[in-house]
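Going line by line, the protein sequences match chains A and B. Our numbering numbers the first residue of the first sequence as 1 and each following residue consecutively. Our numbering numbers the first residue of the second sequence as 1001 and each following residue consecutively.
Bear in mind the hints are in silico, worked out from the structure with no lab data behind them. Keep in mind that a hint or two might mislead.
Said to hold, decoys possible - Residues of chain A clear of chain B, computed beta-carbon distances all greater than 10 angstroms: (1) Lys81; (2) Ala152; (3) Asn204; (4) Thr228; (5) Phe238; (6) Arg272; (7) Thr323; (8) Glu350; (9) Glu481; (10) Phe482.
Said to hold, decoys possible - Stretch-level coverage of chain B by chain A, calculated; a stretch enters the list once three of its residues show a Cβ under 8 angstroms from a Cβ in chain A: (11) 1021-1030; (12) 1282-1295; (13) 1298-1305; (14) 1315-1327; (15) 1371-1377.
Built from N, CA and C at the ideal position, the CB exists for glycine as well.
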Amino acid sequence: MVNQIASEQDSIAMDTAVGETPLPETPFEPRIVAFACHWCTYSGADLAGLNRMNYPANVKLLRVPCSGRVNPQYVLTALNKGCDGVLVCGCHPGDCHYATGNYFAKRRLMAFKRLLEFSGLQPERFQVRWISGSEAGKFRDTVIQVCEEIRALGPLEGDSWGVDKGGTGDGSCVPVFDEAKTGTHEPSPCPQPSPPSPLSTPQNALRERARELLQSGEVSLVIGWGATRFENRTTPLFVTQAEEAEQLLFNEYCTNTLAKYAVREKELTSGRIALATRGCESRAVNRMLADRQLQRSDLVLLGLPCSGMRDDATGAVLTKCATCTHRNPVVFDEMLGEPAPEEEVDRFEELRGLEALDIRQRLAWFDAAWMRCIRCYACREVCPVCTCRECFVDQERVGWQGKQANRAENRFYNLTRVFHIGDRCIECGECERACPMGLPLMALNRKFVSDLDTLFASGEAGLSDEADNALGRYDLADTEEFM
Amino acid sequence: MLLPKDRLTPLLEHLQTPSVRLYVPAQAGGKTTRFALYEPHITTAFHLVNTALPPKDLLFPQTQKMYRYGFDEAGVPYIDPIHDADEVIVFGLRPCDMASIECMDAVFLTKGYVDEFYAPRRERLLAVAIGCTAPAKTCFCDSMGGDANEAPQADIQLNETVDGAAWVVRANTAKGTDALASWSAYLLEEAPGETAPAPAPAPAPAPAPAPASATPAPTPAPAPAPASASATPAPTPASAAPHTPEIKQTACTLRVDMTGVKEKLDALYEHELWERIAKKCVTCGTCTYVCPTCHCFDIGQENRMREGERFRSWDSCMFSNYTLMAGHHNPRADKMPRVRQRFLHKLCFFEDRYGRSLCVGCGRCVEQCPVALDITELIDEIGRITPSASPSAPAPASTPAPASAPAPAPTTSAPSAAPLTPPPAKEA
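Input sequences plus hints: build the corresponding full structure.
Take a look at the structure:
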């Protein structure tokens, strides 16, 4: 998890650092912010000054106590506030004043840099270096090199990363990049949804067990699905009376992943909670147990096999279900029904299609998506691993997230969201399903998950209740991609 | 007058001029549809019942810059208001969209307060509505006082003919009548042979201008027409009472009974139903942002050194920081009061102030809520609640008692009248 502690001073300091540099005259002079560790690079820069070394004045140093302090939101904020590039400098591995800060920083920033590049930022614009207090020459050389690279790229605003480009304000933003061209996002249309066919064995078993558990007082609440006025749509249902258990449904239109409800309900109920648990719920439960949101003893997990849920409008299998790797719960107290056959799926297919695109195309594709975002935060609210008591979005005094709905702010929100959940994402796809605007949120999540797996062999999240998320630990043998 | 469907595109191209911004329902990427600026390459979506996003952002943008401020070169402070209203035509509003604009007008233009950012946009808006032909399963406008066929507030109204080949065009306002003048090159006078007069628009357009419900347009329209368009394809300007072809009539399949709902809600503030329906709400802002009438906003500013901008942007009562006060007190910190606030505002509070419901029955929130929390089910449920022992309608009228303590009114039988007693729910 990311250290979200921040102060108003951070924001003000960044304002000042960005604003001090005069607007570039011709020829273009880039504005670069360097976050420099107090214990090494900052001294190195001092030494460079003492030695009368010449280096470009484009770089503004912001002193941080450790490279591990550099929240990726700093980087995004700097870019949104008008920087053309960001440099992060810390101590060489093994030299950290706090012993391990730079190891954590390395993991985070490596993954974050890949995410930025994926979403369309040229890699030269965000760089990380290890520079010790005695390496004045390296500091100078780094600054010169980074400056030249970014100068060659030109101003960032030309790439639409700047402040207040585009925006949903007047309804005029029609995306130019056709989503269909990437091919994999729309589920194959199925003209008429078939009426729901109750998966009768599990549904009956669910009702029966719910009734028994409520009658015996073993649980005081059962969370499952119930009917709506529309045949092909279900809704989360909270059953507290044994006689209401008949209202529980289980059919192929049970699209909601329920696990997150248990967190609030636990606060309100005295007894245990029985949760209808498919593969996605079970992994969410595991992850929430690891995050100390729930205790296993709070829950009775009624395992249900799932063979994929369907869209109520088209009848097509939901995208999130078509790429599901665990149709049966990975943890449960009792299994209601025969396990569904697990299928080999390639969950990174869409991702590879996007990775194969040119960086400019990806930028256009994501930009079009950011302009559609209305910032309703449905993705955050349904996410089982979005568990912060106070979201960075709501930290208004810090001012991470501006209220304006424009491309820059929307991008800031979406990239930060991915970074916050990425190493714990169970890939349930609820964010993308819930998004009223159909943003490709899982493409970002999967990019992060896939990178963490490549870099740190993190595997799939939520298969056990151990807190083994890749960004919460480090390994001395970690690769160094770009330092 | 008739607008044949194959003349729609030429008409849109005609209406799109450098001085006018023309918005039409269009695909906007992904599954998003919205009113978008008309351009030749966009994919229009006139077939849609409703666009996923409502047209409200044309009048009330999600982010609206209000003024710039700062210090100029000489160090003198300045404030520059930003007014950016262009002439706008919205083509293809649905009757519910029009009703929502009426709600927004009430908020931003009445009760002694005229919003200086909304008013100019509203003034320069020409609304062209198209009557519905096939309501979606989530549509319930006719239960909320609307009519899927009629948009009396629209400047110009189009209704599809029974054969589906054309729209019957008529102006509802003087502004619409003026605007129709420039359309004449694309319109056909009705075929004089047709004999299907008047059944269609007879009862509905109450506030429409006087010139007869059946043929409102022809009076001023043909006059400027020959002048402006010499190539008028219209056959003979036979101004001798052309007959209106029959138009398709439709009605919503989803119906709710609003009778007495407001009166009941007056007494339901403490009812256990709110906690029950709030349980599944995830407090995202989807319902409020896709709602055509939700109009809450927040005011913020962006400062950069010696200058800054003040803007207002949509806010949602579903968010916890919507009610966050200085000193960090939050009167609606939990989701139950937030959900209750939203529905009470829609169905009760707005009616108190403006005399109509704030829900126009477009069904967007029903369609798009990620957890299928459905306002129509809530209305049904309120309908089932019996405020007193007698289940009939007139009961609530006798107990208006708006601000009094909720429960004690019904002293009749039905021990403890379960529905009205506040439960001992523990509220975190």
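Hints and how they fare:
no.: 1; hint: Lys81; in the structure: violated (8 angstroms)
no.: 2; hint: Ala152; in the structure: holds (26 angstroms)
no.: 3; hint: Asn204; in the structure: holds (23 angstroms)
no.: 4; hint: Thr228; in the structure: violated (5 angstroms)
no.: 5; hint: Phe238; in the structure: violated (5 angstroms)
no.: 6; hint: Arg272; in the structure: holds (17 angstroms)
no.: 7; hint: Thr323; in the structure: holds (17 angstroms)
no.: 8; hint: Glu350; in the structure: holds (13 angstroms)
no.: 9; hint: Glu481; in the structure: holds (32 angstroms)
no.: 10; hint: Phe482; in the structure: holds (31 angstroms)
no.: 11; hint: 1021-1030; in the structure: holds (count 6)
no.: 12; hint: 1282-1295; in the structure: holds (count 8)
no.: 13; hint: 1298-1305; in the structure: holds (count 6)
no.: 14; hint: 1315-1327; in the structure: holds (count 6)
no.: 15; hint: 1371-1377; in the structure: holds (count 6)
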